[in-house]
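Protein sequence lines, in the order shown, are assigned to chains R and E.
Read the first sequence against this note's numbering and you will find it ends at 434, with the numbers running on by one and no gaps.
Read the second sequence against this note's numbering and you will find it ends at 454, with the numbers running on by one and no gaps.
Note that these hints are calculated values from the structure, not bench results.
Hints should not be assumed to be uniformly reliable.
[To be verified] Facing chain E, a subset of chain R residues (Cβ under 8 Å, in silico): (1) 151; (2) 196; (3) 227; (4) 235; (5) 239; (6) 288; (7) 387; (8) 397; (9) 401; (10) 413; (11) 414; (12) 416; (13) 417; (14) 420.
The C-beta atom is built at its ideal place from N, Cα and C for all residues, glycine as well.
Now for the letters of each chain:
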Amino acid sequence: MADPALIFSDEADRAGTHVLLIGIGDYPWLEGGAKCKTPEHHENAMGMGQLTSPPVSMRRLADWFLDGFANPDRPLASLAMLLSEKKAATYAHARAPAPAKVLPRGSIDDVKKAVAAWVKRAAGRRDNGLIFGFCGHGVQSSNPVLLCRDYGSNTESRFDGAIDFEQFRIALSTRQPDYQLLLVDACRTPDVENSLLGQATPGSRLIDGVSLTTRDNAPAMQSVEFATSLYTQSWGAENAPSLFSEALLEALASGGADRNDQWWVTTSQLHAALATYMARISQAEGLVQRPAAGQLQNFRISKPDRISVPLYVRSTEPAIWAGPLRLEARRGDLCAEEMDYVPPGDAAALQAVSECTLRLTNPSQKVADVVYEVHAKFAPNSPFADTVEQIIAYPPEVTCELPVGKRP
Amino acid sequence: MMITPTGITISFGGARGRSDDSRPVVAQIFGFARGAEDEPVSHEMVVPAGETVEQKLDEGLYNVQLTLPSGRILQRNVKIGPESNEVFHFFEDFVPNAGFSLQESVGRSDEEVLVEAAAASGNTSLADYQRRMRWVEDATRTWQRGGPVPPKRPGVRYRVNPDLEANLPAPPDTPTVRLLIGLAPDPAAEAPDGSDGAFIGFEKFHGDSGLWRIPFAGPEPPTRQTRRWARVELPDGRVELASLPLPWCRADDDEFEPAELLVDPARGEGAATTVAVHDRRLGGLLAYLDRGQAGAAGPLLQELESDPLIRDTILEKTKNPLAACAAAYVGLAVYPPNEREEWDVWLGNCMTIFPDIPDAAIVHARRLVLRPTSEGDNARAADALRQACAAGVPYFSTGVLLLREMLVLLSPDHPDLAARAVEADRLAGRIDPSQAFTVLRYAPPRKVS
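So here's chain R without its partners, still in its complex pose (with noise of 0.2 Å):
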């Protein structure tokens, strides 16, 4: 493994998938970083500073990819990561090396070397499939441009050590695999964006393009999928993964699985996927935060062997979740899951209750085993009657809406 990047590789003689994640967290030249210093770093880092979310996200999203990515088309045939924390990153997992490697930290020369081995390994056959994954600081200024670790060491050049993703993608459609997913999770603000009207994109292209001839003449299928949309921010918890990695977590391990093909994981049923987990999770952290499709080129991420759909269970009583009750979803005579709801103590953490989850497994897609019924069970003292309202579960969620009456 000459590439310091590489975590897991299989050299089977076969199609496969090739998974380069890339996580920004520690920025020596934006505020708060080790190396801003000077009057220049400070104007250059434009308010940026540090990040915890982008290593903890690329890692979660590392550990599916080895353990829950299933593509019985193109496996997993090798997936490297860059990480920029505080202190040099290791990555230990069952099916990587031992004892676990330094990995490269993110540097514009870390991601052009991480690129261009990538592109190599991936190249031997235009059936493979290609993923990217970047999470860090952006901003916008005609195209994406994505900050690597060392944005801003060059005062004179800031944006020697950022990338220009538009330019990146259409490099990269002129290689060879035919399939090409990219996830980009970082703010697309117009921070730069009037400072630099007429002037061509700052940032690296990382790859040269080549000819189309070598592709049949036609470009690569893409797909690419941004945290959030045009001149808008995107977020992440401190220590936890972004918002936008959560839903993408959800939505690949079978949120994005498409009815009309076979219960695969296809790149438009995860945008809808993303964008039905995303409402949902920015509107609880009372954000706004809209994923968009810069691409949206249909083809197979991943088979799951079983998908899981979050129920939430409403009712047309709100008053229902002023006491405890049971929840249970029952699939034939079998309890799949169940809950016992015990109201919060305080009045408006009550208040703030509209709805309960429960997570719902279907062993297969067929019809017994995709409808429920589900019961809410008052306590003996509630004014409210036992009910039961029967529901299809299919991703990416679903919602149950319980009809409840008093009780006689």
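Keeping the supplied structure of chain R fixed, place chain E upon it in accordance with the hints.
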């Protein structure tokens, strides 16, 4: 609305509390009729904005999913009994403020459009002005009632302006718009000064944001010499050049429609100027382009095949070549790249008939690049791109982005395109990609001290 037994009625009201989402949504119904559970039932239909759609269903259990323009899925389960008459009115519950779209708002009153745009951008210029006016009026009334109120703290003097009338605040500065004809903007140059352009009167102002309608009923398709631009000068000195999609012949009644121009100097991202046209039949497609997301119309694919809006608009290209280009942009974004369409070949004709419309050459090149049928197609696409560059700035923002992408894609085989790709990149650096029609932005002139 009541429905016949064993059926449902679906409607979509957009974001709750808003009524400007003109884009249709797709409903999918999947489920199991009683007694035939092994044969799942599946229906797909488009729900036009503000309309209801009925679907008959046998008794059984069904899952209704609505795919919104954002891609988000709303779903409900429904049990259909012998006398079910379920009416489902869906709303976008989350993210109530999805941003303002002029294209989705055309046709509403000017005041409504301006107020909603100001709310979306946070433009408080009118409120600020009115607040200052009220202060002066209140102060005048106090003065007229017998002089100032004595200060509560000793030593604090009440500052009296004896001439309150003279202290009335000036109304906020407003943008000005001039019409320029036959302009060929150079993205690398400064903004054209526009002194030879005629001022255009506004329709309505709300604080410092305003609406203009610019008519043009020329029977001929636009040429480089007749192409119309609006030069917008903002109060802070910034200049924007809006490409006007004129003449615009409406699809449903052959009437010429003016270009609508909204200028909101408070808009913090993208351009302050937005352009739209009022076209009932094509409004939905233009709304997708206006969000910078032609591909988001993907879920409508089935409907687009049954109601061949894209095909018909391209076929009737001589009536409105700009509409044909808009339809082609959406069609190329939503149809699978390896699928051949009846209208593929018409795009080549469109380029030939309208050599001065860069977008006609761009959609033709795009089709050739996505769906090459022979080795020579990329050379033909390169020729189309050269023609597009010669014809000037694309009318559509998405055209600018596709022009740049294809110039970059083809430059390894056609090195002369590399320099054009650099030019296109500069041009892309001036546009607002979230808008349907091209608006070029220029920084205010630097002050020399």
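Results of checking the hints against the structure:
Below 8 Å, beta-carbon pairs count as interface contacts, and residue 151/R has none with chain E, the closest being about 19 Å; its hint is therefore violated. A cut of 8 Å between beta carbons decides the hint on residue 196/R: the least distance to chain E is about 5 Å, and the hint holds. Restraint check, residue 227/R versus chain E: the minimum CB separation of about 6 Å is within 8 Å; hint holds. Checking residue 235/R against chain E by beta carbon gives a least distance of about 6 Å; that is within 8 Å, so the hint holds.
Hint status for residue 239/R relative to chain E: holds, with the closest Cβ pair at about 7 Å, below 8 Å. At its closest, the beta carbon of residue 288/R sits 14 Å from a beta carbon of chain E; the interface hint therefore is violated under the 8 Å criterion. This hint is violated: residue 387/R has a C-beta 17 Å from the nearest C-beta of chain E, more than the 8 Å allowed. The beta carbon of residue 397/R comes within 6 Å of a beta carbon in chain E, closer than 8 Å, and the hint placing it at the interface holds.
Annotation: interface hint on residue 401/R violated; nearest CB of chain E at approximately 15 Å, more than 8 Å. With its C-beta approaching chain E no nearer than about 14 Å, residue 413/R sits outside the 8 Å limit, and its interface hint is violated. Nearest Cβ of chain E to the Cβ of residue 414/R: about 11 Å, over the 8 Å cut. The hint is violated. For residue 416/R, the shortest C-beta to C-beta distance to chain E is roughly 6 Å, which falls under 8 Å, so the interface hint holds.
Evaluation of the residue 417/R hint against chain E yields a held restraint, the C-beta minimum of about 4 Å falling below 8 Å. Hint status for residue 420/R relative to chain E: holds, with the closest Cβ pair at about 6 Å, below 8 Å.
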